[in-house]
Structures are given as structure tokens and as C-alpha cells.
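Take the sequence shown: its letters are residues 7 to 670, numbered as in the numbering used here.
By construction, these hints were calculated from the structure, which means they are not laboratory data.
The structure displayed is predicted, hence computed values, not measured ones.
Misleading hints may appear alongside valid ones.
Stated by the list, open to error - Heads up, simulated SDA-like pairs for lysine to any residue below, C-alpha to C-alpha not over 20 Å straight-line:
#1 Lys47 to Arg37
#2 Lys105 to Ala319
#3 Lys468 to Thr559
#4 Lys105 to Arg318
#5 Lys105 to Gly53
#6 Lys468 to Phe431
#7 Lys525 to Phe350
#8 Lys47 to Ile132
#9 Lys539 to Glu616
#10 Lys468 to Tyr428
#11 Lys525 to Asp346
#12 Lys525 to Pro342
#13 Lys541 to Arg336
#14 Lys597 to Val542
#15 Lys468 to Gly523
#16 Lys597 to Arg544
#17 Lys105 to Glu44
#18 Lys525 to Asp354
#19 Lys525 to Arg351
Stated by the list, open to error - Label-pair distances were calculated between CB atoms; the ranges are:
#20 Ala311 to Thr287: 25 to 35 Å
#21 Gly433 to Asp23: 46 to 56 Å
#22 Asp94 to Val332: 23 to 33 Å
#23 Leu629 to Pro545: 13 to 23 Å
#24 Ser648 to Pro368: 50 to 60 Å
#25 Gly380 to Pro264: 13 to 23 Å
#26 Thr659 to Gly433: 21 to 31 Å
Backbone N, C-alpha and C fix where the C-beta goes; we use that ideal spot for every residue, glycine too.
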Amino acid sequence: MTAAQAPARAEEAASADELSEMYRRMRRIRRFEQRASELYKQTEIPGFLHLSIGQEATAVGACWHLVERDGITSTHRGHGHCLAKGLDSASMFAELMGKETGTCQGRGGSMHIADPSLGIYGANGIVGAGLPIAVGAATAAQLRETGGVVVAFFGDGAVAQGMFHESVNLAAVWDLPVVFFCENNHYAEFSHATEQHRAPLSARAAGYGIGYEHVDGNDVSAVAGLMADVTERLRNGAGPVLVEAETYRWHGHYEGDPERYRTPDEVAGWKDRDPLVVARTALTARGVPGSALDGIDAEIESEIANGISAARAASEPAPSTLRDFVTAPREIVPEPAEADGEIFRTMDAVRTALDHELAADPDVFVAGIDVAAGGGVFALTRGLAEAYPGRVRDTPISETAIVGTAVGSAMAGMRPVVELMYFDFIGVCLDQLLNQAAKLGFMTGGAARMPLVVRTQFGAGKSSGSQHSQSLEALLAHIPGLTVVMPSNPADTYGLLRAAIRDPNPVVFVENRLTYGRKGPRPPEDHLVPLGKAKVARPGSDVTIVSYSRMLTECLAAAETLADDGVDAEVIDLRTVVPWDRETVLASLAKTHRLIVAHEGVQDFGVGAEIAAMAADEGFWHLDAPVVRVAPPAMPAPYAPSLEREWLPDRETVAAAARRVCSA
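Using the sequences and the hints given, assemble the complete structure.
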């Protein structure tokens, strides 16, 4: 069906009753937005406000054929999409006002409304960020074979984002049931589309090898008619489609925008094509009396007024709830017995843990660069793709799309495990961790589930250079909502990875590639290690040495050397960097009165600094000597072996630090 045929089809398909209901939904959006504008001017709505007045037909038409199993992702201008998908106006007004009865209990506000139970996977304050999340939700629909479709709303300005390219490309490669729905209102904030792009969306769609449709975004019948065909094709297994709906926003980019970038005549010309007037004219032509439409207007007016009254009467969130929803409550897991099985390697532990969870839970899937056909760059996932067809997936080299897929599929009920080939690449996809995975649970008042694992690895010491050696856990540790795990031995790797996959929170699971060949006893199949709980790897009485990951091995070796000198070192393996186990460290400090922290991340502003600050505060009266940090200097990892050896601490460095502390 061509774009020119879409309006005719819509005219045939939409009865007077259907078009009347479309008009009702558009009127609801229009009055919601108009009243929101008034409330903002009256300072009853704090924060930013972006309105979609003039774009009602795209929201209603795009969502017209969606059902409960279908999903949407939205933009910072998302009120209309949420209303069109079924959210009630009263809870949305309360959310805009920051009230506890709001859709997200006052945690999200205008730009972050979501309700995953309705398939609304979130409006988003980051331009383009909903696109990879939509890919994840569509992946969940495909894996579960529900026939579900996801509509990813975005504006023409988002096309310039790398997230757009990565998302559309991955959706095309995986043949996902997602509609990339561009509301082309011709402006990216203050800039006209002609100043932002040289290639039209039709050419971009062809470049990705997906379908393209164009529609008059101010004619709700045309949009709904086109989407009837598009969604049906996707339900029957067709790949993604890019829909461009031309429309216009009447208000500025945000409320208070001086709008110096467009003329009053331009705005007035688009208002002549008011979506509500277009629909009303079509209804009148079908014999629907004006009084019936006036009745709809009156019903909506009453609904909106009641919603505002309820929101005004609602309470603000109590200060005592400040910390609610930062993380989801995790199941209490007891410390397991020491492993005593046959000897196996850390690399075996990773594969075995993934295999166990894939077999145990059909909602678990694995995705990443070369993890399927190639078994991963370190062969850790070899054989899993054959054992679990469709659930171990290769991706393009698209870190943002990979992590965004994890976010969206987790919100849709899956338990994704995605791989970033190197820890150093975390910066390429940081938004999906920083602003999405870590915050969506909080910003939705706990409504968004986020059980996902991002596996990655690092390791200095083999001349991998400055871009493949970084230990960046301190960067992630400063992001509230994330859990960061860094195991040091095979048994803990197995138990922690299984626990991470089962956890309701987003976990970044960081392995050290230099430990993949390390051997240790295999634990039993049901072995789980509690997240957030440290372990005393070696008891001692003279000095506490805290570490994790590969550096823990160096600390244990240093402790043996120190024992020959008569120094009895207690070595603590944090295992989980965030949340870290303060109680175990403080208890050890109370016993030894001296503290060293060792890690591969550079010293300045690192994990050691946080532990030292805690010791100086809560453990001050236990300290008999200054806290010492053992870590690389604050500089990039060098390539030359001689320089790298000088830069990276080892067992001798740790032992020397312990001797200084114990002699103080």
C-alpha cells in the first residue's frame, strides 16, 4: 500500500463510531495539554514541560490498533502517546504536579511518564533514547511469540543521534516487530529540519533494508489506516517499518520558548490543518451532528477538570520515602559453603553459569558481538547458541543498541544478559546505563522492572594499551541504581553470575580476562553467592587488605610474603563493588586497626578513596595508622611492558605498603 492510498483505505475502514472515538481521544490529549500549559504558568507544575498540541492525530492514529500485548516508547513530548495507549489523565496530572498519586508516584515528571503494565515503556528526557529500548521490547515480543508490536515514537531531530542508526539497524538484522514512527514536526528544538539532515527518511529506510511509509500526520484516519496495514504485517512476521508522519507542534519546544525561529504566519498556516478540525469536518460529512461532537467535548472537559481537582487534592511524596525505588529489594542469599569439587577454570564458570540460567529460565537470553556463532572473543559462550536456538544472539557492533535492548527487554519481562566486549567500551553506551537502566526503576516509582546483566571484561598487564586496559568500576560506582560485581576466582564467578542474572536490579558483571585460565574447585550446581557481601579470603590480625578481582590474587600472595616477616594480614574480597559490604570491612578494621585498599583502577577518586573516607569517618577510632591506597597513578595505561610494569601495582607493592602501615 502506498502513502497515497492510505487515506482512502482509512476512509473505508473507519466507521463514524470509530472516527468519533478517535476524535474523543484527540480531544482528551488537546485539553490535557492546554490545561497543563495553564497549570505550568500558574506554577502548579514544576520542572520542564513539552507539549504536543497539534500532534494529536499521530498519537491516536499510531496507537489505534495497538492492544494490551503491544508496547510503545516515547519522547520528552510524550503526554499524547501515553494517553493514546490508555493511561488515565488524572494520574498523569498528578505526576506532572509531583504528587504521590502520579503515574510514577511523583518520581518521573513530565518527561518520564511510564506504565510498563500497559506496554508504555517510558517517555524519555534523552533524545532518541527510547529507540533502543523499543528494540528490546520488540525482542521480548519476538522471543515470546506473542504477536506483539512495539511503536517507537521519535521526532525528526532524533534522526541525527547514533542511537537511531544502531536501533534501526539491529531491528532490521533481527527482523523485529517494531515500527519506528517519526513525528516529523519539522523542528529539532529551534532548528528547522532542512538545517539538520541531507538525506530523507525514505532513503534512510532503504539504506537499512526496511519498509518505509509516509502519511499526513494531521489526519487521524489516514494514520490509523496506514497503521492497520503496518501492524498487521508485523504481526505476521514482517520486519521493522519506518513511518514518517508529517505534523506540527503549535507551541514552542518547551513552555516559555520565545519561538524566534519561526513566524506567526507559519504557525497559523499549520493551524488551518488542525487535526481536530480535520476529524470534525469528516464526521460532519458523515452525518454526525455537531451536538454529538459538542457532547464529546463536554465529557472530556469534565474528565480533565476532575483529574486536575484530584491531582490538586493529592499529597506530595513524604520525605521519608526519599530513598524508595532506587533499587529493587533483592532476595536474601546465604553465604555458600566452600567449593570442593573437581578443578575447573574461571572461563568454565562463566559458560556453566550462563548455561544453567538459560536452561532454568526461558526469559533469559544472551546477546552481544560474536557471542553466538563465534562463541565470543574468549570462547566463553561457545556452544550455547546451538543449545538454545534464538536465545543466544549475535549483534552488530552497536553497544548502545545492545544495552538498550537489555533495558527494553527487561522492562518487558525478560532477563537479558548482554556482553560488552571490553570494559573500555562502556563510554560508547553510557547513556543506556546512566540514564536508563540505573534510573528507570526509580523514575517510574518501582513500576519498571530492570533485571538485566551487562557482562564485560578488562585486564592490564599484557600490553593491551590505554583503550583496552581500563578498570572503570569507580565510574559506574558513582551511578545510583547500578550494581557492580567483580569476582576473583572460579567458584565466586559462577555463584555471583547466577545471582546477578536472578537479581531484580541492573548488574554490571566485570570479569578480568587474565583470570579466565585461573583454576579452582568447582562448586555444586545450585551454588549462589550473595550480591553485596564481602568475604574474608584470609583471616589475620595485624592489617586489613581490601581488594577484588585479579588484584585479590596479588593481595593473597602479598599476605603470604608478609607472614614470613611476622605480619599477619587479613585479606577481604569485596566481590561486589556496589553495594559494598561496609560491615565486613569495619569489623576487620576493628580487629586489625590498619587498612590498605588495592585495586587496578587508577588511584584518584577511585574505590579506595571511598573506602578510606568511610574508615576515616565510621572507623576513625579504630585506626592506628593512616589508610593506604595501592593503585595505579592517575594516567592512561601504558603500552610498553617496562612502563606497564612500573604503572601497575603487584604483590610486592602491596607487601611494601603493608610493611609501612604496620611500622607506623
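If you test the structure against every hint from before, which numbers come out violated? Violated hints: 8 and 25; rest satisfied.
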